[in-house]
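Chain A is fixed; fit chain B onto it per the hints.
2 protein chains.
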Amino acid sequence: MSTITKAACIGGGVIGAGWVARLVLNGIDVCIYDPDPEADRKVGEVLKGARRAYRKMLPDGLPKEGKITYAKTIADAVAGAQFIQESVPERLDLKHRVLAEIDTHAPPAAIIGSSTSGIKPTDMQPAMKKHPGRLVVGHPFNPVYLLPLVEIVGGEQTSAEAVEKARTLYASIGMKPVVIRKEIEAFVGDRLLEAMWREALWLIKDGICTVEELDDIMRYGFGLRWAQMGMFQIYRVAGGEAGMRHFMAQFGPCLSWPWTKLMDVPEFNDELVDLIATQSDEQSDRWSIRELEKIRDDNLVAIMEALGRQNKGKGWGAGELHNAYTKQLAKLAKPAKASVAAEKAKAEKPKKKKG
Amino acid sequence: MSTITKAACIGGGVIGAGWVARLVLNGIDVCIYDPDPEADRKVGEVLKGARRAYRKMLPDGLPKEGKITYAKTIADAVAGAQFIQESVPERLDLKHRVLAEIDTHAPPAAIIGSSTSGIKPTDMQPAMKKHPGRLVVGHPFNPVYLLPLVEIVGGEQTSAEAVEKARTLYASIGMKPVVIRKEIEAFVGDRLLEAMWREALWLIKDGICTVEELDDIMRYGFGLRWAQMGMFQIYRVAGGEAGMRHFMAQFGPCLSWPWTKLMDVPEFNDELVDLIATQSDEQSDRWSIRELEKIRDDNLVAIMEALGRQNKGKGWGAGELHNAYTKQLAKLAKPAKASVAAEKAKAEKPKKKKG
Numbered sequence: 001m002s003t004i005t006k007a008a009c010i011g012g013g014v015i016g017a018g019w020v021a022r023l024v025l026n027g028i029d030v031c032i033y034d035p036d037p038e039a040d041r042k043v044g045e046v047l048k049g050a051r052r053a054y055r056k057m058l059p060d061g062l063p064k065e066g067k068i069t070y071a072k073t074i075a076d077a078v079a080g081a082q083f084i085q086e087s088v089p090e091r092l093d094l095k096h097r098v099l100a101e102i103d104t105h106a107p108p109a110a111i112i113g114s115s116t117s118g119i120k121p122t123d124m125q126p127a128m129k130k131h132p133g134r135l136v137v138g139h140p141f142n143p144v145y146l147l148p149l150v151e152i153v154g155g156e157q158t159s160a161e162a163v164e165k166a167r168t169l170y171a172s173i174g175m176k177p178v179v180i181r182k183e184i185e186a187f188v189g190d191r192l193l194e195a196m197w198r199e200a201l202w203l204i205k206d207g208i209c210t211v212e213e214l215d216d217i218m219r220y221g222f223g224l225r226w227a228q229m230g231m232f233q234i235y236r237v238a239g240g241e242a243g244m245r246h247f248m249a250q251f252g253p254c255l256s257w258p259w260t261k262l263m264d265v266p267e268f269n270d271e272l273v274d275l276i277a278t279q280s281d282e283q284s285d286r287w288s289i290r291e292l293e294k295i296r297d298d299n300l301v302a303i304m305e306a307l308g309r310q311n312k313g314k315g316w317g318a319g320e321l322h323n324a325y326t327k328q329l330a331k332l333a334k335p336a337k338a339s340v341a342a343e344k345a346k347a348e349k350p351k352k353k354k355g
Numbered sequence: 001m002s003t004i005t006k007a008a009c010i011g012g013g014v015i016g017a018g019w020v021a022r023l024v025l026n027g028i029d030v031c032i033y034d035p036d037p038e039a040d041r042k043v044g045e046v047l048k049g050a051r052r053a054y055r056k057m058l059p060d061g062l063p064k065e066g067k068i069t070y071a072k073t074i075a076d077a078v079a080g081a082q083f084i085q086e087s088v089p090e091r092l093d094l095k096h097r098v099l100a101e102i103d104t105h106a107p108p109a110a111i112i113g114s115s116t117s118g119i120k121p122t123d124m125q126p127a128m129k130k131h132p133g134r135l136v137v138g139h140p141f142n143p144v145y146l147l148p149l150v151e152i153v154g155g156e157q158t159s160a161e162a163v164e165k166a167r168t169l170y171a172s173i174g175m176k177p178v179v180i181r182k183e184i185e186a187f188v189g190d191r192l193l194e195a196m197w198r199e200a201l202w203l204i205k206d207g208i209c210t211v212e213e214l215d216d217i218m219r220y221g222f223g224l225r226w227a228q229m230g231m232f233q234i235y236r237v238a239g240g241e242a243g244m245r246h247f248m249a250q251f252g253p254c255l256s257w258p259w260t261k262l263m264d265v266p267e268f269n270d271e272l273v274d275l276i277a278t279q280s281d282e283q284s285d286r287w288s289i290r291e292l293e294k295i296r297d298d299n300l301v302a303i304m305e306a307l308g309r310q311n312k313g314k315g316w317g318a319g320e321l322h323n324a325y326t327k328q329l330a331k332l333a334k335p336a337k338a339s340v341a342a343e344k345a346k347a348e349k350p351k352k353k354k355g
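Line by line, the protein sequences give chains A and B. All residue numbers for the first sequence refer to our numbering, where the first residue is 1 and numbers rise by one. All residue numbers for the second sequence refer to our numbering, where the first residue is 1 and numbers rise by one.
So that you can see chain A by itself, here it is in the shape it has in the complex (with noise of 0.2 Å):
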């Protein structure tokens, strides 16, 4: 069960709508600031995808849903809110606009957490002028609504207790938080991705491969592993009864071989993009994006559904946790219905004494 009834998300793009869906599928009144005109319309959609996913996570029915308000003011949009999670683009000025006046309106009380994908938290912590102890980063991955993980980050001025609340905080709606130990730019998930996408430029600009043969060299090959066991306990396996040492023995080596280009950085030009928008059109356009949204959401479930039968029907991996979670949704979803069924008994009785 949750542990907050009221949010606030600041910011309504792609990871902010995101996380309006997460919570308000979650049953938590959300009120959101989003300059935008048409945020309303665009959290929508964001929201209407993530309700095809939950619906086929729960197909006996969802849990009533939070109360979705926009705030004309960030001031108004944190007012009484216990959590305010920060999805603005990824400016410093900005940032430390947007944290200057939450942390000026919101109850003392309440966690912040950031999206931010790769500022540290202590490069934002100095807009704030009153509670700077708890702010958090607390980074997702797209879509937010089903992807478990949430990377927990401390500044120099984060207090342990509200990295702890945002711990708690976070697993209740669902979610993996793992809090990484030390504040670096980019923290765990991005600075692997990051690595992986140079890489990928580099492979397309020198026309080793197109963006779909890169792409299928993913999803038909480690990415199937990645989606069970990370890239260590793989290895292990792949070094046999010899494990980890003999693995690393082995494949240390090729540190040192001319195996990657990553030592310098493709330059990021109008030629490259074109090339790569090209390439992705013709994997891709015979697909619109809500269209591809939609399969990447049932797959994702189906996969989350896989991995949550394994085990002997306890899970495994981000499968274990999707058996806990639709649990506690389903669970928060029968007593509305219990009650729901109530006041029908109750409404019909005195029309069946009549009868």
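Check each hint, because a few of them may be wrong.
What the hints assert, rightly or not - Below, a list of computed lysine-lysine pairs in the BS3-like style, where the Cα atoms sit at most 27 Å apart:
no., chain 1, residue 1, chain 2, residue 2
1, B, 48, A, 312
2, A, 205, A, 6
3, A, 314, B, 48
4, B, 182, A, 205
Said to hold, decoys possible - Computed, partial: chain B to chain A, Cβ under 7 Å:
no., residue
5, 238
6, 273
7, 275
8, 284
9, 310
10, 313
What the hints assert, rightly or not - Distance ranges between label pairs, derived from CB positions:
no., chain 1, residue 1, chain 2, residue 2, range
11, A, 250, B, 96, 14 to 22 Å
12, A, 331, B, 290, 35 to 43 Å
13, B, 312, A, 76, 39 to 47 Å
14, B, 327, A, 76, 36 to 44 Å
15, B, 273, A, 278, 39 to 47 Å
Don't read these hints as lab results, they were simulated from the structure. Here the structure is a predicted model, which means the values were calculated and not measured. All C-beta atoms, glycine included, are put in the ideal place defined by N, C-alpha and C.
For chain B alone, coordinates are given in the frame of chain A:
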């Protein structure tokens, strides 16, 4: 249906044995050469695991297995083979010796695939004095009997015909061949893996996270995405209706941010090996390697089946291929069963007459 009936596997380690398993489970006879006196036992263990996984895929029964024989020399192993897969350790001098031997004794029409993870075929071909044109790299991913991906790479002397034959051959045993357009060291898959691996080593070395935390970040996060769509398609969706150009414009600049340590290489020393091996033990030593292998294989089958049920049962990505592969194997299993039944009926007929 497989395009061949008789293959040779040179090298019976984890990868070589994985090839043996995939081949014999497709009904293909395999002759193995491996100087390791324990090769028989080791191959047997991999085969046991593979059979177990295929039984999950094919509850109604497996095709009749190909016959396994062991040869005392490479010459004996390749005699009469239509296809030879080389999976010896990654040392160029060894590859040269082995490929020279294979080339001398294999039937001229036989295709030769090398399992190398990174050596360019052009660098291996000089050892082949007779028919270097039929050498391709056929780089698989562990476990070979389950993961569909195989990267096909031709060298300067490789004929277009050999590449096409190899593509058809690998596809005929349920694999997803991706032909790499230009020959580079480590091809595509291992370039990406190496980029990720280096960054991961930095993160562990610097104490940002443990191997278990890093693995969790993968399997509760982007690993779930990459089992179904690759990096480019996933980012296209994340870019929203504005598409890939928008995504590139938004995230391109990160390339010059300090989001990665990959500008140099972590020193590969005993300290790093110890750190990683110790953390890996903490993460995984509650399971034996054999247990982890079973868990991994069960999960892989479950994920591919889950993807196979998508798209109104047509399947998505590896799931679509999985549907076709299991169908093909089931068909291969049936005639065997049917003929057994027919033989039984024949054998029983006279008895009936007597009775």
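Now for the hints, and whether the structure bears them out:
With a C-alpha separation of about 21 Å, the suggested pairing of residue 48 of chain B with residue 312 of chain A holds against the 27 Å cut-off. Only pairs whose Cα atoms come within 27 Å are accepted, and residue 205 of chain A paired with residue 6 of chain A is rejected, the gap being roughly 48 Å. For the given pair, residue 314 of chain A sits about 25 Å from residue 48 of chain B by alpha-carbon distance, which is consistent with the 27 Å threshold. Distance hint between residue 182 of chain B and residue 205 of chain A is fulfilled; the C-alpha atoms sit about 12 Å from each other, no more than 27 Å.
Against a cut-off of 7 Å between C-beta atoms, the interface hint on residue 238 of chain B holds, since the closest Cβ of chain A lies about 5 Å away. Restraint check, residue 273 of chain B versus chain A: the minimum CB separation of about 5 Å is within 7 Å; hint holds. This hint is violated: residue 275 of chain B has a C-beta 10 Å from the nearest C-beta of chain A, more than the 7 Å allowed. Checking residue 284 of chain B against chain A by beta carbon gives a least distance of about 6 Å; that is within 7 Å, so the hint holds.
Hint status for residue 310 of chain B: holds, given a least beta-carbon distance of 6 Å to chain A, under 7 Å. The interface hint given for residue 313 of chain B is broken, as the beta carbon of that residue sits about 12 Å from the closest beta carbon of chain A, more than 7 Å. As the Cβ distance of residue 250 of chain A to residue 96 of chain B is approximately 20 Å, the hint placing it in 14 to 22 Å holds. In this structure the hint that residue 331 of chain A and residue 290 of chain B lie 35 to 43 Å apart at CB holds, the actual value being about 37 Å.
Look at residue 312 of chain B against residue 76 of chain A: about 46 Å separates their beta carbons, and that is inside 39 to 47 Å. In this structure the hint that residue 327 of chain B and residue 76 of chain A lie 36 to 44 Å apart at CB is violated, the actual value being about 59 Å. Between residue 273 of chain B and residue 278 of chain A, the C-beta spacing of about 44 Å keeps the proposed range 39 to 47 Å intact.
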